[in-house]
Structure formats: C-alpha cells, structure tokens
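Enquirer: Below are the chains, spelled out letter by letter.
Protein chains: 2
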Amino acid sequence: GTGADNDLYINQAIVFIEDAIQYRSINHRVDSKSLWLYRWYYSRTCQWILSLTITVILALAFIEKPSSLTVTSDVRYRLPAWNPPCGLTESIELLCFLVFMVDVSVKSYLIGWEEFWKNKWLMAYILTLIVSLADWIVSLSFFCTEDVRIRRLLRPFFLLQNSSMMKKTLKSINSTLPEMASVVLLLAVHLSLFTMFAMLLFARTKDGQQDKEWMGYFRNLPDSLTSLLVLLTTANNPDVMIPAYSKNRAYSIFFILFTVLGNLFLMNLLTAIIYNQFRGYLLKSVQSSLFRRRLGIRAAFEVLSSMKETPANAQQSYASVGALLQVLQKVEMDSRCKQAIMRSLKMCSCDQLSAAQFQKLFEELDKDAIKQHPPSPEYQSHFMQKMQYAFGHPYFGYLGNVVALANIVSICVVLVMDADKQPSERDDFFLGAINCFFILYYMLEMLLKILAMGLKRYLSYPSNRFDGLLTVILLVLEIATFSVYGFPHPGWRPEFMGLLSLWDMVRLVNMLIVFRFLRIIPNMKFMSLVVTTLLDLVKNLRAFAGILVVVFYAFAITGIMLFKGAVVPLGNIRYIGNKLNTSWPFFNLLLYFKEKCDFMALFGHFQAEVMYCLLYLLSVNLICRWAKIYFVAWWLISSVIWVNLFVALLLENFIHKWDRRCHREPLSDIEYQRTVELMFRDVLEEPTEEELMEKLHQHPHLQLCR
Amino acid sequence: GTGADNDLYINQAIVFIEDAIQYRSINHRVDSKSLWLYRWYYSRTCQWILSLTITVILALAFIEKPSSLTVTSDVRYRLPAWNPPCGLTESIELLCFLVFMVDVSVKSYLIGWEEFWKNKWLMAYILTLIVSLADWIVSLSFFCTEDVRIRRLLRPFFLLQNSSMMKKTLKSINSTLPEMASVVLLLAVHLSLFTMFAMLLFARTKDGQQDKEWMGYFRNLPDSLTSLLVLLTTANNPDVMIPAYSKNRAYSIFFILFTVLGNLFLMNLLTAIIYNQFRGYLLKSVQSSLFRRRLGIRAAFEVLSSMKETPANAQQSYASVGALLQVLQKVEMDSRCKQAIMRSLKMCSCDQLSAAQFQKLFEELDKDAIKQHPPSPEYQSHFMQKMQYAFGHPYFGYLGNVVALANIVSICVVLVMDADKQPSERDDFFLGAINCFFILYYMLEMLLKILAMGLKRYLSYPSNRFDGLLTVILLVLEIATFSVYGFPHPGWRPEFMGLLSLWDMVRLVNMLIVFRFLRIIPNMKFMSLVVTTLLDLVKNLRAFAGILVVVFYAFAITGIMLFKGAVVPLGNIRYIGNKLNTSWPFFNLLLYFKEKCDFMALFGHFQAEVMYCLLYLLSVNLICRWAKIYFVAWWLISSVIWVNLFVALLLENFIHKWDRRCHREPLSDIEYQRTVELMFRDVLEEPTEEELMEKLHQHPHLQLCR
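Here the protein sequences come in this chain order: R and S.
So for the first sequence, this note's numbering puts the first residue at 1; every next one is plus one.
So for the second sequence, this note's numbering puts the first residue at 1; every next one is plus one.
No wet-lab data here; the hints were simulated from the structure.
Warning: the hint list may mix true and false statements.
Which copy is meant is left open, so a pair is good if it fits within one copy or across any two.
Computed cross-link-like contacts, DSSO-like style, restricted to lysine-lysine with a CA-CA straight-line distance of at most 27 Å [as the list claims (entries may be wrong)]:
id	residue 1	residue 2
1	360	247
2	338	539
3	171	525
4	167	539
5	212	118
6	120	247
7	330	284
8	167	421
9	247	421
10	284	657
If we strip away everything but chain R, and leave its shape as in the complex, we get:
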C-alpha cells in the first residue's frame, strides 16, 4: 500500500540523512528490515561493543603468557608476572571472535551479495577470522603449550578494518610506496658503493698498529655494511671515524661525504617525496567526505520526492515539507543543527522544496558552530555593578596570570635553595605558607570571577573550567594537608601520616600549580595558534597513529616469535636470555635484557634510540643476521617513514592554518569550533548535480523512479 511505501521512503530518508551526517557510504540495502538492521548496527551501543571487543582482543597481549606487565622493568626486583591458566584468555578470544563473526555477517548482508565480491576488505576480514579460529582450535588441542600463534599476528587487522579513515590512509600510503622504494633503493646503492670504498680504504695492513679502523668497524662485508648503516642513523657518528681520523685527518672526507650525501640529501629527499605525495592528501580526503554528505542528502531528497505523485509534466521534482519534518524528528543528529534546520524550514512558508532548497537546508551541518556564551548576570546595586566591571575586566585575568607566574617563581626559588639540602634538613614551612597564600588567592579569583560573570558564563569558557577545576583540587589538597598535618609553622617537619607524606603532598600541590600555569596559553597569540594547530594535527593523526599501532603490534609479536631463546646471553649482562619469554610484547620489542633496550621499545619510533639499541645489540654480537633484517625493517618503517609522514602532515596542517590566520581577522568573543572540513572550506569544490545523480543511479539497491 501507499502508506507502507511512504513509511519505507521516510525510513530511507532518515538513514540517508544519518549517512550524510556521519559521512558514510549510502551503498547499502534499503528495504525496511535492512534499514532497521542498518540503524541498529550503526547505533551507538553496537559500535561501542565492537570497539570494546577490538580493544579487548588487542589488550590480551598484556596478560598472555610472554608478558611482563610489572611496575619496575628491573628484572632483579621484579616479581614474576601473573600467568593466566590455559583457557582463560582463549575463552575471551572466542567471545571476541563471535562478535566479529556477527559483525562481518551483518556488514556483508547490508552491502549485498554483488558488492560483497568487490569488497576486498570484507573478504580479508572473513579469511582472517577463519585462520584465527583454526589457530585457536590448534592452540586448545595442544593445551596452550604451542609456541607459534599466528592469530596474534592477525589481531591488528581487526583494528584496521573497523576504521574507514585508516583504510583510506593506508591506501594513500600505498600509493606513495613506489617513490619511497626508489629512494630506499638509492640509499641501498649509496650504502653498498660506500661500503666497497670503505673496505678498500680501511683494509688490513701489515702493521698491526695501523689498522684500528679495520679492526673495529670494517673487518668484513657484513661488519662494514652494518657500520655504515648505523652511521646513516648517526648513532655511531663520531666513534666510527675516530681511529681513521687520528691516523690522518683526510680520512674524514670519506665520512663527511657519506654523511652529507646519505643523511642530509637522501634522507631529506624522502621527506620531500612524502610531503609532495601528501600535500593533497587532506584536501582529497575532505573533498570525498563532502561528496558523501551531498550524496546522502540528495538521496534523501530523491526518496522523499518520489513519495508524492508529482504532475508528470513537472520538470523538477519536489519534496514535501511535512515529510521532511517527519524525517527530521526521527533522525539522530546534533540538536543545535536540528533546531536550526527546523527553524529555517518554518521560516520558508512553502510546503514544497526543490532539490537546491533541500540541499541548502542541510548546509547548516557544514557551518561553524558559533558558540555564544551565556550573558553575565545583571546586578541592581551600583556597588555590585562596579565589582562586576572590575572583576570581569580582562586585566583581572592578566593579574591572575601574573600571580600564577609569581607562584611559579617562588616555587622555583625554593627548589633552587633546597637543592643541596638533606631531606631531613628541609623545612617545609616556607613553601607551605606561600602555597597557602597563593591558593587562597586562586580561590578568591575564582569566586570573584563567578560573581562577575555568573556561574554559567564562567563555565562556558574552557580556560575557566581548567582553572576552576585545578583550583578546587588544590583547595581540597590543601585542606587535607592541614587537617592531617596541622597549619604550617617554622620548623614544620611532621612525621609521615596517612596516605601521603607532607613532602609528597607539597610536591603534588606544586606540580598542580605548575600545570595550572598553562592557563596563560590562550592569552598569547602565537602560542594559541601553535596549540590549536597541534590539536588539529592530533585529530588528523588518529588514522596514522592507528596504523602505527598496527605495525607496532605486528612487529612486537614477530619479535617475540623470532627471538624466543635465540639470544645467547653473555656473562656480563645481568638479564638472562630466557627471561625474554616472560616479557610484555610492547616492551619486549627490542629485546630487553638490557634496561636501555627495554625502555627503547616504547620510543620505538625515534631513530636515534632504536639504532642506539641496535648498535648495542650488534656490537655484542648477540643477534643473528635475521634479527639484523628485522631491526633494519623496523627502523625504516617506524623511524624513517613514520616520522616523515608526521612531518608531512604537520607541514600541510600548519601551512593551511598559517595562511588562514593571515586572511581573517580574529573575532573577540565568538569562538569557532574548527574542524578539518572547515579549514578547507574555501578550496573545496561542490559536487555537481550530474555527478550526484550519476552516483545515485549506480546505487546497487535503490531504484529511483526517473
């Protein structure tokens, strides 16, 4: 019947508009039941469960057998890590797999059979699940004693496939690979030619005293290659040339040439290539998001317009306002936007909307959310008005900053004075007294500001929220201190009482005060620019960070598999080789039988450290050739490529931001909530009517009337 049809159309419109809001593809089934399933699948609860499952399965590595999640990294003091009984982590894993199976079946059903065969990600998802389950069965049948667990290596895939942003980024990185490979090839040629030169230059001589260079670094081909590779990372930079250099200064020319060509030119060339490739990346991704949004809106319009029988001779199709209102009530969207659309819908007194009008209505979604702060209270009393003027004035805020600075300086002075004193000689009176005074001032400042601005207006500024929260915490801490240790007086050195010693309390208060000093950031123009750029960058970087986590995880698991027992410990190294098996994968990444290397794992993406560790490992001859390849691959991916990607993104973001800053005047009271989309608004191209309609006609499930 027409009523059921109309209901279906309304539901389709709702889903299409939600797709537009979330920048989702509209290529899914559009019958009533599928729509219900689709909305259920993309409901907050379902997506939250899915994210939780992914987190849980990734986090399993922290408690699984080779794990070292302990407080200290020092093997001497460390208690043996908790070893979960066989079956515990496995049953959690099974639960996760079940959720993933539901996920993959719903996804496959929703996009339809034809689309499914084109979607490589879904196929890979199913394959991964099958392999994981098979591995799980093998694991259980061995009662968890088997060594190789392939499914661990596959886990990061679940993270990858769940984020469209990460998939897009991966595609983008993939297209840069050929050029990166060229530079890496160039680096390899550079390295091998210089290795041959080095072996000829620093050959063994008949005089044993003269060939220190040969002894230390260029004994044979693998040694020479390693020495120069490590030189490329600057980890062994001065050391490798010292013996030759003390013999003759002219030898330095070889090393200078190598370093200048390799480090300064080729490495930076990599940056240039990656930046060049990523220059348009952000813009392109925002452009395709815009297209999805317009397409979703247009699809909603088309289904709404096919609801009513329009005259056959009408050139344009129209959507009825009533139906749209019905749709809007059911759509899940930001309430501000919804209200704005409702308002403009009421203002236009027509009851039919053309496609352009319809599209225009939803442009509210793209707009800056202009944040209006609530008004200040209006006081009757003349005195109160004066107070309000005084304490609402920016100068009062500046005074607060000056006082905070004074507090910092006073803490600094006390720290410098107390630096060389024994803890028992230290007198906490002075710090206690001044902090007490300053915290009272902060409380007063907060109260006066609330008085002047009203609580609502006060809380509407993020800087005030930050300030107020810290002030309250400081106040609570101070009151707790006084209630436990009494008021400060000269020679105030009470014994340890309660949860924290007085000294720890004072330190905590001081740290919070230092942290509170960050409130000056919005007052400094350049600083706030930088901070907003960095925050934007963090948003854009999420996809990259995700891919980094994926790579990290895979490398960590591979590392555990590769080096289990392969390391033969030397006598002078404290940490014994078989400890390796009981270590936490993330920290285990770069082997941890030396503290440095253990720590390094976390900083895996910093060139210098990784290579420092690598150098150490190579120098003690603890690792075999495979390990060398593993480490070189890790260095290339995490340090060279990832850092360069980061620099490229930072350049891109910063240059856009900087150009914008020069274009527009700063607005005093209105704060824009910037999004990446808004940053590029001036350069984005609106998709044309033809493009949209062509795409709509290609929709695999939606049959448009015309």
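Chain S: place on chain R using the hints.
Expert: Just chain S now, with coordinates in the frame of chain R:
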C-alpha cells in the same frame, strides 16, 4: 660634440647590457670615466683579485698562532704546528686591507654620494675596515703578544659583503627571525615548565637508594635544565630516564610527553615555519633578477634611442640597428648568445628597433642552451657502417654497465674472501688478473665507442667524458703496475717497490673501478632526477653555505677567545688544557681535548654529534656557564636553524622539479642546461613597461631626455 656624446651613449649601452647579463643593478655613475672604471672594476681580473684577497684573509686563520693544521689530530703523535714569525701574517693582512680599501672607495665612488649614504652595507664595510686597521696597529705595537684580536671576528664580513646573493639570503633569513624566535620562546617555556615538573618529580628522597635519577640528572636547577635540553637533542635519550624507569615504568610517561611535545611537535614546527617562509624565496629572488635584466636592457635601449634625433612628433622612440651592432661587438657576453642576437638582427631587415623588438632580441639570454651533439662520422665501407651501428647502439652501453657491475661483484667477492686473511697470506694474483681483463675491456669499449661516434661526439657527452677519463687513468695505473711489479702470476706477492706498494696500487685501481660504476646514473630515470635535483640544490645553496661559513668562522674565533685556558683538565683526560691554544680554529670549535670533540667540529651542523660532545663536556663539568650558552647558541644556529633551512630549500627545489617532470615529456637527444631561472620560467611575471620606466626615471645619474 655629438661624436663624443654618441661614444658616451654607446659605452653606456654596453655597460647596461653587461649589467643585464650579470643581473647587476644599473644605479651607478654613467659618465665616460666612471664607465671605464666600472668596466675595469667588474672585469674578470679585478673580481678575481678581490676573491683571492678574501680567500687569503680568511685562510690566514689556518697558519696564525692558535692553529693545528697537522696530518693527525692525535696530540700524542702530532708535531708542534709551525708558528709564523710576528709580522708575517700581519703584513699579508695589511695587503688585504689595502685591496679592500681600494674596493670600498671604487664602489662608493661608482654609486655616488647620495646613494652611498643610503647603503648600509658600504658604511658597515668602511667601519669594519677602520676597526680592523686600528686593531692591526694595536697588534703590531704589542709585537703580536696580545690575546684579543677583534679583527679576526670581523673577517667573515668581507666574504659576506662581496656577494649580493648572500646579502639577499641574509635579508630573507632576517625576515623569518621573528617567527623562529616565537618557536624558540615556546621551546624555552616548554623546557622550563618540564624542568620544574622534573625537579618536583625526581626530588631527593630520604632513602638514598631511591634517588638515582635525582643524583644523576636533576640535582639542581642548572643540572635539570641541561638534562632536559640535551634530551631535546636526543643525545642522552635513553640514559636520562633509565634510573627512574627501573624504579617505576610510569615515570616514562613524563619523558615520553616531553620528547613527543618537544622533539616531534615543536622541532618540526620550526621546520614548518621555515619552509613556509622560504616557499616563495627562490621565486622572489628569481623574479627580482629578471627585473634587473629587463631594466638593464631597457636602459640600454633608452640611451641608444636618445643618440639619434628622432622626429619630435614620433610617439615611439627607436634605436638604430647600426649602433646596436657597434654595442654588441664590444659587449662581453657568451659567444653563443652574441651570435644568435647578431643573426636575428640581420634577419630583421629594418634599421630601426622599437623597445619591444629590442627587448625581444635579448630574450635569447633567457633561453635554454640547447646542446647539439656533433654528428657521427659517415663511413664508406659496409663493414664499418655495421660496426658503427653495433657499437653506437644503446645496448652496447648497457653491456658496458653490466660488465662494470660484474667487475664490482668480482671485487666484492675477493674482498669477502680475503677479509680474514693475514696480509702476508693474501694472493694478489686473482684480483690483478681480473682487473687486467676488465680494464682491457674498458679500453676496448672506449675505442669502439670513439670509432662509432667519432671523437668529438664521444666527448660531447658528459657520461662519456667521465668514463673515458677514468678508463685512461686505470690504464695508466695498470701499465705502471706491470712495469714495476711484472705481470701477475699465481703467488704474485712482490716486495714493496717504487712509490706505492702493489697492494696499494690494486686498492687504488679498485676504488677507481667502483667510482667508474657511477656511470650508470644517467641510465636510471629516478636516479638522474635525484642527482639533477641535488646539483640544482647545491647551486642554490651556495649563498646559504657562504652564510654558514661566516657563522662557523665567527663561532670558531669566539670559541678560541672564550675557552683559551678556561678549561681545567681532569687527570683522566689525555689532552691537556693548554694545548687548546695551539689548535686550528675550525677544529678547535668544540674544544678538542677529546678526539671526539675535535672531530665533531667539522660536523658542527649535525645535531646529534654536537650535543654528544656538549653532553660529554657538561658531564665532566669542564666548562663554565658561559660555555653552555655558547654551545646552546651554536646548536640552535648550526644544527636546528641551518638544517631546517636546508630541508626547506630541498623541499622547494624538489617539489618544483617533480611537478615539472610530470608536465613535460623527456626529450631524447637534446639536453637542456637548466638554470634556476629556467625552472621558474612558467610562473615568472614579466615587468611592465611602466614599472621599468618608473625605475629608470629614479636612476640617480642617468638623465633621460623625456
């Protein structure tokens, strides 16, 4: 008389055209005598003498008293450096000063009195000369025993003022300073806040065992600041956090936060800012060069057109072709360009040239120099034609590359096999024999190529010249080897004879063979792109390199002055403090009582090493607070800012080049000689007629008729 007037006009036109060719300013005196002086001053000889003088005065530092220009850097084996008698370097200096005085007076005279007062560089030049002379007199009156020699610090200024490119670059860097300063300020805030945090976090505890972190790195404010500053350079990256990390893994969060914020964000932000500022730098500089060229040509036209009395009612002015021919014959310019202009002048059969025609004639100057290779010889004999076809074919070149690769591989194999042998066990027969074979092949290849292409065509390719030269050298070396040591045979281990031992000869030959392998570069597309980019970069980088030399020199001299005797040596350090005074300034830069630091000086601009050295110096507490400031300044300027400038320029160059590569098809036989001007030709804006005329009317010495 009119004849003398005409002569003057001709001379003016000559000078203006030469100005245009050299991109010089035309704002100089234009009377006959000044013109003669101007041409004399800018003649090759004069400019060469000036450059030589600058080189000599800068090079004086290598032989002046605190100098260590010796073969080895190891103080134990080093002979005392030669100490020139008092008066020798001083008299050379006086000669240089005299040349500079002539230089500054000619320059001042030529630009005229009015312009002189506006030219700050000239004033500074004069001031520098006066101060230097005064210092020189003081020096002589103390019989060279005085310690502080200000004039040494001023020397790099002579280099700076002589290059217009360097002055322009300096101006450009200067305009970037405010933003760089903002980031540096941000870094300082970052550093100081984290220092306070660190001091509170790693405070001295009552349990002496627990405060290793405090003991090692955060004892007091200067220590903490230094630790974190060095952490910012990643020099002490793992070490600084190990004590805290072994206590509790959570402490790593502090260091991770610090490193991510400081190194990854703020440092790269500096790159972004510098790149953003320098994005337009190359384009702007090329644009202003173009303006100077057009202005010079236009000025020449104007003076030539005022030679002849043109009808008063003529709207346009004309220059006579005869006068232009006269001018062209006397102008010093590239003969190819001159001929091309002459040719097109003869082709247009008019005897009057309008301004546009005149300008168009000289566009030849901007054009690509299309290099036509001479034709191959034409042989009569059918056999010779076949030979020519076979050996002129690119495949023959590829075969040569394959043979070169085979040679490299064979050398590599021998090196690997001989790696662990004692020198006395080594048999040079195998290497000698294969090298003999390969070198014969190279000779044959060269001869066949010359046969096929003819000597002229062969030599017109740079890759052939490179190839041929190396082949000839290899041949000579091989013949020399055989004539001294006889032909190779098994067990060929002759005694040392002549200049070099057989082993050294073989090594030299092998190195040349490896070097010769670089001939493959033009055959690989991406490689040749990279190499041409790098060569372009080197051209553009000359100004930056010059400024770096200036900074380097100033820092070196300051270092000598600051640290003379200020270093108190510890017992366990071999090199005793007062050796410092006898060291060569460049190497002395970062103090050299430890080998590492001595070497580091050369690599001063590489962050890691400088800081490695700095760290060492700080850790042994050898240097005072002033030295810290000196080193931090050096690190900031040479490592942070200069490396970032380099990256910015590389990005700029590479992205332009890359874009161009995509635009145009590679031409097979025609090689373009690219210049920076040509790279930007598509985006350059031609100056308008009005701009040129306005500038001409502002000329301080040239009075145009209209």
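Enquirer: Hints first: check each against the structure and report whether it holds.
Expert: Here is how each hint holds up against the structure:
no.	hint	verdict
1	360 to 247	neither (77 Å within a copy, 61 Å between copies)
2	338 to 539	within (25 Å within a copy, 60 Å between copies)
3	171 to 525	between (37 Å within a copy, 25 Å between copies)
4	167 to 539	within (16 Å within a copy, 42 Å between copies)
5	212 to 118	neither (62 Å within a copy, 60 Å between copies)
6	120 to 247	neither (61 Å within a copy, 48 Å between copies)
7	330 to 284	neither (32 Å within a copy, 57 Å between copies)
8	167 to 421	neither (57 Å within a copy, 54 Å between copies)
9	247 to 421	between (49 Å within a copy, 23 Å between copies)
10	284 to 657	both (17 Å within a copy, 22 Å between copies)
In the structure shown, a violation is registered for the earlier hints numbered 1, 5, 6, 7, 8, in ascending order.
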